[in-house]
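Colleague: As a plain string of letters, each chain reads:
2 protein chains.
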Amino acid sequence: MTSEKRYADGETYGYQLNLKSLLKKPLDNCPEREIVYRDSRRLTYRTLNERIHRLASALRQWDVGANHTVAVMDVDSHRYLECFFAIPMMGASLQTVNWRLSPDQIVYTINHSEAQTMLVYRDFLPIVEKVRDRLKNIRHIIIMTDDGNMPSSPLNVAGEYDALLAAGEPAFDFPDLDEHTRATLFYTTGTTGNPKGVYFSHRQLMLHTLATAVEFGCYDTIGRFRSNDVYMPLTPMFHVHAWGMPYVATLLGAKQVYPGTYEPALILELIRRHGVTFSHCVPTILQMILTHADAKTTDLSNWKIVIGGARLPKGLARTARDRSIDIHAGYGMSETCPVMTLATPKEDALNKSSEETLDIIIKTGKPAPLVEVEVMDSKGRILPHDGKSTGEVVMRSPWLTAGYLKSPVNSAELWRNGWLHSGDVGYIDKENYLQITDRIKDVIKSGGEWISSLDLENILSQHESVLESAAIGIPDPKWGERPLMLVTLKPKYQGKVDADALRRHMTRAAQAGKLPRYGISERFEFVEAIAKTSVGKYDKKFLRQQYGASEPYNESAV
Amino acid sequence: MTSEKRYADGETYGYQLNLKSLLKKPLDNCPEREIVYRDSRRLTYRTLNERIHRLASALRQWDVGANHTVAVMDVDSHRYLECFFAIPMMGASLQTVNWRLSPDQIVYTINHSEAQTMLVYRDFLPIVEKVRDRLKNIRHIIIMTDDGNMPSSPLNVAGEYDALLAAGEPAFDFPDLDEHTRATLFYTTGTTGNPKGVYFSHRQLMLHTLATAVEFGCYDTIGRFRSNDVYMPLTPMFHVHAWGMPYVATLLGAKQVYPGTYEPALILELIRRHGVTFSHCVPTILQMILTHADAKTTDLSNWKIVIGGARLPKGLARTARDRSIDIHAGYGMSETCPVMTLATPKEDALNKSSEETLDIIIKTGKPAPLVEVEVMDSKGRILPHDGKSTGEVVMRSPWLTAGYLKSPVNSAELWRNGWLHSGDVGYIDKENYLQITDRIKDVIKSGGEWISSLDLENILSQHESVLESAAIGIPDPKWGERPLMLVTLKPKYQGKVDADALRRHMTRAAQAGKLPRYGISERFEFVEAIAKTSVGKYDKKFLRQQYGASEPYNESAV
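Here the protein sequences line up with chains A and B, keeping their order. Each residue of the first sequence is one higher than the one before, counting from 1 in our numbering. Each residue of the second sequence is one higher than the one before, counting from 1 in our numbering.
Just chain A, with the same shape it has in the complex (with noise of 0.2 Å):
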């Protein structure tokens, strides 16, 4: 079978930007390099190539193609840097499965993305057989196991992987496809409503891949990216393709490795048996590696990790640094790919104090190649990088979602004034870092002001007696909104701490420059819990409606 069109003489081969071209570099340079899966795997790039077009041979079976979805549940394997190319190149959709959302989100994502094949690793059998009469438009599904063996199970099975991989041909000619062509697509999940799809197309994952190696490869600062690195992924392969990183990764070269799940003890094992250099997580992720046994006695001196998903908080940060990991963060959203910003440290300051640099690599970052970050206030002005003027994070890049699958509304409030609306706000300073400074539905308005509900958390949270404390606006007839304090008391202050003395706290702060004046509350609830959403942030929407405070603002308003 050949796809290959015919040209005329003088017909320009019109190149379009396609995943496939990410796999030509490896396999000139480094086609015996490993790519790893925990203990159970060793591929090379040459039998990742092979193995990519004995997918797609076997999945073309079922007419994977063109208008064709294939939902994967898989953890972080090799199997899913296969299914990263294979899928994609074939001109069909890969729907990245979040398998941490709930059954019926579950259901809900596979229906609304429409996929007709999924393939789905052993452990998530049980909830993929507990849905399976609800999964619409689901034709075909196919087993991933580790070592070969298919698990009995009630569900009409098409094959396991990896024998339908022997099975397959190891020549398949993927089709030159229109880089508009979606690549990939997943669902991002908010406190309220159902999940909305975001997609991709190669065009703009290869505009990412570009950019994002030349943001990690080609400036001397801290934190590079380079083929002799050593990959690991450590932010899930369902959650924006990883970051992207693999796509870099194989384009560099690297060699890869896959952890599966992450536990803490395997990992620091992966990393000391691979020599692994370069990770990207989330804080929470970090924290856990780090206070494992294991972590005491293993080498991360040439551990290099970007810290996104959240705001890398200092003490972490200088944990790491203590140590000798080079440490960084980075911001981008599921709508963006998702690579934005990087908050490395510009050339002229990498000679800075120790506690200079930590200032400077927890900020949210400069922009990468190709990204516009702009701070946007509610008439839709851009406000100018004088470290202080704050408002909406807005965003342009050429990879960015076209919008929310089959969501007009919420697309219409994704993109406005021709500028991405983050919902995140924040401020640019004077060297051109963003920082954000709260989400824009937890924002204080206060007078006129924007109050960041985090700075008054992180504030609070320094007092000796706090355990936790969650910031809202509730109404005032004066100001608009004030700020109300929920506290959690640590168990031994329990009772002995009251609302002056937090105030007391607060005030010093803001003589100190830490919060503007208008910031410090006058209201403080001592409570027994805080509530918290399913993904273990609080629930402020609940908060507020539990303290008085009907939804203050609509956010297509700001």
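A few of these clues could be false.
Intra- or inter-copy, both count: the list cannot distinguish identical chains.
What the hints assert, rightly or not - List time: in silico EDC-like cross-link candidates among lysine to aspartate or glutamate, alpha-carbon distance up to 16 Å:
| id | residue 1 | residue 2 |
| --- | --- | --- |
| 1 | K406 | E11 |
| 2 | K388 | D455 |
| 3 | K24 | E374 |
| 4 | K24 | E372 |
| 5 | K20 | E50 |
| 6 | K136 | E347 |
| 7 | K136 | D104 |
Think of the hints as simulated: they come from the structure by calculation, not from any bench.
Mind docking chain B on chain A? Use the hints.
Modeller: Just chain B, lined up with the frame of chain A:
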């Protein structure tokens, strides 16, 4: 003035690849880093950016914008760099005029491009004054000087460059262009016919810049070009945008040094004074620099240089490495923007002996990201990568010229079977390195085999008596063609060496495996001089006619 369009809610910003985005990174990272022109001028990225805006604001008065071509005749300078950005960013085409052409050819190219505005460095005024009345479309001429002093000229001149910038506005609202907008054009010359125009869009230059930055920055091998490097081009800016490297250097925010014309003493002085670390040039320029007296007293151990435009001779590579210069070859053409392949060692070859490394770095090279290079036989079949199957080098990538400007016949020669045909002959080895062996029009076709005229010349040149030698194919009733060697002898060997001696030398080379047996020439002609073209290459077309060979085959039929 603003060109900002209005966006409806939900309307995505259709990000188009545009050269203007390259200026963002240096402004974020290193606005005060320098851009230097000889002894006379120092800018920073901040002032570069301002001057680009001023230039656009000044040019706007002459309707420079869409459908307008601006011809620039300048030496390598900060001014040229400003034109590299400002003119395409306005939506106009930048024509980089090759001032080494004859006045007739210069007239031809400027008339053919239909350029309406011209920017001319004062040293080139005598040429322009002589041909002014033949430049049919030129309406405005702006003079570029180093000192701001306007020379007296019979030309009707619109102004002096720096004076126009001073009168311009520091703000200019560059439009969001369709990425397929033509950004640059220039002319390539062959041994026959008129110069041919090639042209590149914003999209092509942007993808070339990103992929070239990845190629030079992200792989751990020799010859790296990253933000801390100090860049000085030694390939003229009129020649394929100085390999597109000024765009890469700007994206990196590297310090840039522009040397004007190429005077070895000044080049060496600039290397010393500014700590230049990265350059590119043809072999003869490097030879000229290394043989200059000042080279002995200049530390070149931090200098990285990429050689293109002609084969890197092993002797020159060895000499450079003996001076601790980091050197390797690269390949590209005017038609290819140009970067295609680089002869960097793979990571697993970095520890090879110096002699083995020499053999790698003088190859034609491995493809850069997004570049496909193959070798094709006369029937359009792609040949195996076996180190011996020889055919025409064909290429695909997103940045190849769409054709020759207003020249469908030549364009149909260039683009056949959906591949750009280079006119070069070579093979690809098992390690995926391309080796070019000849120009297709100079290759000798004997008994169905292709014999590289360059190989024959190289081998004969190694005989102690030979000063120069040229190999041409002459008709042969049995074999189709057989090689004829034209030879000039060194003075002291004249009359003392005969054809038998040279034939024995070639036979020994064949026995040593350096030449196929069918490459041993039967016929040697001793001559006083070998005819050369105006650029110093053997004029093989003339030589073939002189020695009784009609043009042996049609290039387009290969």
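Colleague: A separate judgement is required for each hint: does it hold in the structure or not?
Modeller: Status of the hints after comparison with the structure:
In this assembly of identical chains, K406 and E11 lie within 16 Å of each other by CA distance solely across copies; the values are 14 Å between and 37 Å within a copy. For the identical chains of this complex, K388 and D455 are intra-copy neighbours only, at 14 Å inside a copy versus 68 Å across copies, given an alpha-carbon limit of 16 Å. Taking the shortest alpha-carbon separations for K24 and E374, only the inter-copy value of 13 Å comes in at or below 16 Å, while the best intra-copy value is 36 Å. Within a single copy, K24 and E372 get their C-alpha atoms only as close as 30 Å, which misses the 16 Å cut-off; across copies the closest is 9 Å, which meets it.
For a Cα distance limit of 16 Å, the shortest separation of K20 from E50 inside one copy, 13 Å, qualifies, whereas the shortest one across copies, 40 Å, does not. Taking the shortest Cα distances, K136 and E347 never come within 16 Å of each other, neither inside one copy (54 Å) nor across copies (50 Å). For a Cα distance limit of 16 Å, the shortest separation of K136 from D104 inside one copy, 13 Å, qualifies, whereas the shortest one across copies, 73 Å, does not.
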